[in-house]
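A.B. asks: Protein chains in written order, with the numbering used here: chain D, 1 to 295; chain G, 1001 to 1295; chain A, 2001 to 2295; chain Z, 3001 to 3295.
Since the hints were made in silico from the structure, they are not lab data.
Certain hints may be false.
Subject to a maximum C-alpha distance of 30 Å in a straight line, what follows is the list of computed DSS-like cross-link-like pairs (lysine-lysine) [unchecked claim]:
| hint | chain 1 | residue 1 | chain 2 | residue 2 |
| --- | --- | --- | --- | --- |
| 1 | Z | 3220 | Z | 3136 |
| 2 | G | 1136 | G | 1220 |
| 3 | Z | 3117 | D | 220 |
| 4 | G | 1136 | G | 1117 |
| 5 | D | 220 | Z | 3273 |
| 6 | G | 1117 | G | 1076 |
| 7 | D | 220 | D | 136 |
| 8 | A | 2273 | G | 1220 |
| 9 | Z | 3117 | Z | 3076 |
| 10 | G | 1115 | G | 1136 |
| 11 | D | 115 | D | 220 |
| 12 | D | 115 | D | 136 |
| 13 | Z | 3076 | D | 273 |
| 14 | D | 117 | D | 220 |
| 15 | A | 2273 | A | 2115 |
| 16 | A | 2220 | G | 1273 |
| 17 | A | 2115 | G | 1220 |
| 18 | G | 1115 | G | 1076 |
Take a look, some chain G residues computed to stay more than 12 Å from chain Z by CB distance [stated by the list, open to error]:
| hint | residue |
| --- | --- |
| 19 | 1018 |
| 20 | 1061 |
| 21 | 1082 |
| 22 | 1106 |
| 23 | 1178 |
| 24 | 1187 |
| 25 | 1188 |
| 26 | 1205 |
| 27 | 1215 |
| 28 | 1231 |
| 29 | 1254 |
| 30 | 1255 |
| 31 | 1256 |
| 32 | 1257 |
| 33 | 1280 |
| 34 | 1288 |
Note that the structure is a prediction, hence the values are computed from the model and not measured.
The beta-carbon is built from N, C-alpha and C at its ideal position, and this holds for glycine as well.
Protein chains: 4
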Amino acid sequence: MTQYSLADLNAMSAADFTAALADIYEHSPWVAEAASTQRPFATLAALHAAMAAAVQDASAEARTALVQAHPDLAGKAARAGTLTADSTHEQASVGLDRLSEAEFARFHQLNDAYKAKFGIPFIVCVRRHTKDSILKAFERRLAHGNADEFDTAIEEIVRIGALRLDQRVTAPDQLPLNGRLSTHVLDTHSGQPAVNVPIELWELSAAGTNRLIWRGVTNKDGRTDSPPIAGRPVPMGTYELHFSVGGYFSARGVPLSDPPFLDVVPIRFSVAKPEGHYHVPLVVSPWSYSTYRGS
Amino acid sequence: MTQYSLADLNAMSAADFTAALADIYEHSPWVAEAASTQRPFATLAALHAAMAAAVQDASAEARTALVQAHPDLAGKAARAGTLTADSTHEQASVGLDRLSEAEFARFHQLNDAYKAKFGIPFIVCVRRHTKDSILKAFERRLAHGNADEFDTAIEEIVRIGALRLDQRVTAPDQLPLNGRLSTHVLDTHSGQPAVNVPIELWELSAAGTNRLIWRGVTNKDGRTDSPPIAGRPVPMGTYELHFSVGGYFSARGVPLSDPPFLDVVPIRFSVAKPEGHYHVPLVVSPWSYSTYRGS
Amino acid sequence: MTQYSLADLNAMSAADFTAALADIYEHSPWVAEAASTQRPFATLAALHAAMAAAVQDASAEARTALVQAHPDLAGKAARAGTLTADSTHEQASVGLDRLSEAEFARFHQLNDAYKAKFGIPFIVCVRRHTKDSILKAFERRLAHGNADEFDTAIEEIVRIGALRLDQRVTAPDQLPLNGRLSTHVLDTHSGQPAVNVPIELWELSAAGTNRLIWRGVTNKDGRTDSPPIAGRPVPMGTYELHFSVGGYFSARGVPLSDPPFLDVVPIRFSVAKPEGHYHVPLVVSPWSYSTYRGS
Amino acid sequence: MTQYSLADLNAMSAADFTAALADIYEHSPWVAEAASTQRPFATLAALHAAMAAAVQDASAEARTALVQAHPDLAGKAARAGTLTADSTHEQASVGLDRLSEAEFARFHQLNDAYKAKFGIPFIVCVRRHTKDSILKAFERRLAHGNADEFDTAIEEIVRIGALRLDQRVTAPDQLPLNGRLSTHVLDTHSGQPAVNVPIELWELSAAGTNRLIWRGVTNKDGRTDSPPIAGRPVPMGTYELHFSVGGYFSARGVPLSDPPFLDVVPIRFSVAKPEGHYHVPLVVSPWSYSTYRGS
C-alpha cells in the first residue's frame, strides 16, 4: 500500500489525487474526486470530513450504488479471492477468512436473510469488531427498519473510509479512531512493580473457540513495552488477560502453597467502545488480587 | 452402608465389632479385631488412633499384605466391577470410572511403571484428590525411594481408613478430615450484599476437560445457602468460581456499557490442603473487583 | 434498675404493672397504665406497640404534657442533678455531662432558639446519636414547621421508650433496636487472618475533640472477641478505626522500610442508621489495603 | 540566587568558578577550588563527583574544619539571623524557623548532648527530612560511635552539597536527588477517573501539630495537574492524603446515606526514601476503597 503525506496530496493534480484515494470508498473514486476541489486540507480531519460530506451530499442513486458496491461479509467473493485489497485485509483481521464450515454457513444464511429484507449487503466496519460482535450486530440489525438500516450502512461506510484514510495518509493530526488496551501489574507483597510476569490476551468466543491474540511480559515498571492493543480500534468483544503470577512469586522466593493458591490469574472483560482507552491493571499478592477499569 | 454409633460399637461382641468394621481397612479385618480389645472408646479419634496403631504395630508381612490388598487405581478390576464397595465409590468420586481411553491408557502405564519399580500397587486417598492431582502425585512418587514410598502407601491407607470410619460411625466428636470451600459476594456499587448472583464452581483439568461441579445462587446475605464444598475434604486441584455479575447489576437497573465491562467474573485458584478452609469472596462493582483468600 | 420478665409483668396487678413501667415514658405513668389493660403480651414487641399506641391515641393535651415533661438536653436540670435516672444515663452516654463551657453555651443557645420557635423542649433519642449528630439534628430541625416538629418529638419519645423497655424487660423476643459495628483483618501477605493486631475505635468530632471509645486486638480468626459496638444502637456519627499493622508485620519478620510504608491504618466512615450492621474489614499487605462496607 | 549553566562554569576562570560555587559547601570555597582544575565537566554528575572527591580526599584537618563550619540546627545563629542564605532556606523548609518554645528547647538540648558526645555539630541534610524525622535521626545518631558519626556528618554534607548544586547549576543531566509523591483517583462506581475531587496532603507530627502542606484537585484524568511533591526529595516522614469523595459522589447524583458512609478518606503512609517515587492512588466507590504503593 502506498502512503502519501497530506502535503503531497494537496500538491497533486486532481486526477492524481483522485487516483491516490480512489479506493478509500469501495469501488467509488467519485468520492475522492468530489473532495479534490476543496484542497488544500490543513488537517487529515478536514480531508476526511470533505470525503464524508461528499457521500452525504451525493444523490440517492449514487449512495445506493456505493452501498451496493460492498461485498458480502465472509461471502463467496472472499472465498473466490475477488475482493478489493482493503476488503481482504479487513475481513482477515477479524478471522473471517478462517471460518469453520458451520460458521461460513451461518454467515451465508445471515447475508441472505439481510439482503432479502433490505435489498443491500450487510456492511459493518469489521476492524471495530470481533467475529462474535459481528454476529450480534447482524442479529440486532436484522430487526431494524429499512430507512434506519440504510443510514447505518452509510455510517459504517464512513467509518471504514476513515480507517482506510488513516492508514493511507500521514498528516500532522490524527483521526480519533484508535482505542487502546493496556495493563500493568503491581506486586503488593513487595510493594513494587511486578517485573517479568508473562501475560496473554485471549479473545473469547461464544462458540468456545478462544483465540490467543497477544503475548507479552512486564518490564521493570510492571508495564508491557507496548500495549496489547494500540494504534487501532479495540474490537468490540470479550477478552481474557492471563497473568502468570505463580511463577513470578516463586522466582522471587516467596513462600507459596503447592500448588500455589494463585497461578494464572484470568481477568475477563468486554469492550463496548472500540475508540475507548481500556486500562486493566492487576494489583496482586500471592493470596489476593484486584482489578478495575483504569484510564 | 450400615452406620453404627460409637456406643453400639463399644457394646458389641468382639466378633460383631470386627465384622462391623472389617472393611475400613481393605480386605483386612484383622485391623478392627486388634482394636476391639481396647474398647470402650470415648471418641471416634480414639477408635481411629487404635486402628492406625494396629497397622503401625503389625508385622512387616501383615503390613505388606495390607498394601498388596489394594486394587489398582482406574485398573482392570474397576472395569470388571470386582472392587470393594468402598473402593468403587471412592474411585467414582474423582471420575476414575469415566476416563477416556487415552486417560485409561495413561493410568495403566503409570500403574505398571509404579509396580515395576516398587512391587506394590499405587495407593492414594482419592477423596482428597482430583484426577489431575492424582496424576501429579503419581509422577512425583515414581521418583521416590522404596522405603519412603512404602511408608507413604501406609499413610495413605490410614487416611482412607479415617474417611471410611467417619462415614461408618456416628460419634460425639469429628475427625479433622473435612475442608470447606465457601464464597460470598459484596456489591460495592450499592454497599450491600449482592443477592441472587448465580455462581458456578468448575474443576479445571490440564487436559482442558473442565467439569462443572457445583451451581448456586447468593442469598440475602450475599452467601450461598450451603457452601460449594463442606463436610468432606476439598480435593487438591485447580478451580474456577464463575460469578454472573452482569445480569445482577443489569437487574438492579445499574447503567452498564453494552456488553457490560464485567459479565461473568472467573476466579481461578488452587487447593493444596484438602482439610483447609478456603473462603474466596468477590467484592465487586460494575467496573472493578477484588478477591482474597479469606477464612 | 430492676429488671422484670415479660411473664412477671403479665401476672402483676395493674397497679404493680404501672409502677414497674412508670418511667418508660418520662414522668408519664399513664402510658403504662393504658397498656396494662391489654395484657397478657406474648412478646416484647406487643408490649412496646401497646405503649406506643397509648401515646398515639392520647388526647392532644396529654401528648403535649408528655412532650413538655422532657428536660432540656445538656440543660440546667442536668447540671443541677434533677433529671430522672434514665435521662441522666442517656445524656451521659453521649458525653453531654462533660461539655466544655463553649459547648454548654452552644446547647443552651440552641435549646432557647428551639423553645422560642416551637414552644416545646428539643427531644431526641440520644442513645442513637453522638454529640456531633445531635448538634446537626438540632440545626436541621430548627428549620422545620411546627406540626412536623411535634410529630418528630413524639417519634423520638417512642424510640426512647423502646430502648428503655429493652433494658427493663427480659422477653423471648428482641426489639429491632440494636445495631452492630464489627471488623476483621485479613493479611494478604501471608494469606491468613491477621492475629494480634491492635485496633482502636475513635469517635470524631467536628470540633476536633476526638474520643477513643473502644480498644481491642484481633484473635486467631482475625476478628475481635467481641465487636466494637453490639447490643445497642450504633450512634450516628463519624468514626475512625485505627489498625496497627506496622508492628504486626514487623513481629512476623516481614521486611519493611523504616519507617514502614503503612504503620497505623486509619479507616474513616460515618454511621447513618443506628440499627444497621456495619462490618468494616481491613484487607492488608505491608504495601496496600482495601476496605468496604460488609455485612 | 544566581544560576549558572554548566557550560558557563566550564568557561570561567578558576577564580570565578570558585566564587560561583563557594557556598555549595558551607564556608568552604576550597572544595570548589579543588574541583576547578578538573574542568571541563561533561555532566552535572561529574562536577558533583569532583567536589565530593575533593571533600573525601582532603586532610583530616580540612574535613574537621568543614564539619565545624556548619551551624546548629534550630540554633541560636538561626534566631540571630546569622546563617548563610542556603542554611536559612534549608532550615525554614522543614519548619525549624517556626518552632514552639518547647521544640526549640528540645533541639537545644539535643544539640548540646550531641556536641558534648562527638565534639561536632549535628549535621543532617534537612531537605530530605521532616521535623519529626530529624528528631528521630538525632536520637538514633546519639547512640553511634565517634568515627561512624564523623563519616555520617561528611555524607550528609555531600548530600547538602548535591542539592545546592542542583539548584545553582543548569545542566543537560540531573542528579538522582529528587523523589516524587503522586496520586490519582479512580471511581469504580462509574468506571471513570474521578474528576474534581479535592485532595489535601498533611504532614503528621508525633506531637500532634499536623501541617497542611499541599492542596489540589483531580483533573479529567483523575490525576492532579502537578504532583503534591516533585522536583525535590520527598521528606522522610508520615503523611496523610485526604480525599473528599463524599462531595464528589454527591455532586454526581449518586445515592448516598446521610451522612455518607465515606466522606473524607484519609490515607496515612510513611516515606523512608526521599529519592523514591511514591504513587498512592485511591480506587473508590461510595462504599469501598483500596490503595497501594504504586509506581
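A.B. asks: It remains to establish, for every hint, whether it holds in the given structure.
C.D. replies: Hints versus structure:
1. 3220/Z with 3136/Z: 40 Å, violated
2. 1136/G with 1220/G: 40 Å, violated
3. 3117/Z with 220/D: 45 Å, violated
4. 1136/G with 1117/G: 17 Å, holds
5. 220/D with 3273/Z: 19 Å, holds
6. 1117/G with 1076/G: 20 Å, holds
7. 220/D with 136/D: 40 Å, violated
8. 2273/A with 1220/G: This hinted pair holds, its Cα atoms lying about 19 Å apart.
9. 3117/Z with 3076/Z: 20 Å, holds
10. 1115/G with 1136/G: 17 Å, holds
11. 115/D with 220/D: 53 Å, violated
12. 115/D with 136/D: Between residue 115/D and residue 136/D the Cα gap is close to 17 Å, so the pair holds against 30 Å.
13. 3076/Z with 273/D: 66 Å, violated
14. 117/D with 220/D: 56 Å, violated
15. 2273/A with 2115/A: Holds: residue 2273/A and residue 2115/A sit about 27 Å apart, inside 30 Å.
16. 2220/A with 1273/G: Holds, at roughly 19 Å.
17. 2115/A with 1220/G: With a Cα-Cα distance of about 45 Å, the restraint between residue 2115/A and residue 1220/G is violated, given a limit of 30 Å.
18. 1115/G with 1076/G: 14 Å, holds
19. 1018: Nearest chain Z Cβ is 60 Å from residue 1018/G, so the label holds.
20. 1061: 61 Å, holds
21. 1082: 57 Å, holds
22. 1106: 44 Å, holds
23. 1178: 33 Å, holds
24. 1187: 8 Å, violated
25. 1188: 4 Å, violated
26. 1205: Correct as stated: the minimum Cβ-Cβ distance to chain Z is 33 Å, above 12 Å.
27. 1215: Nearest chain Z Cβ is 28 Å from residue 1215/G, so the label holds.
28. 1231: 33 Å, holds
29. 1254: 9 Å, violated
30. 1255: Non-interface label on residue 1255/G violated, nearest chain Z Cβ at 8 Å vs cutoff 12 Å.
31. 1256: Answer for residue 1256/G: violated, closest chain Z Cβ roughly 9 Å.
32. 1257: Check fails; 8 Å does not lie beyond 12 Å.
33. 1280: 18 Å, holds
34. 1288: 4 Å, violated
Hint compliance for this structure: hints 1, 2, 3, 7, 11, 13, 14, 17, 24, 25, 29, 30, 31, 32, 34 are not met, and every other hint is.
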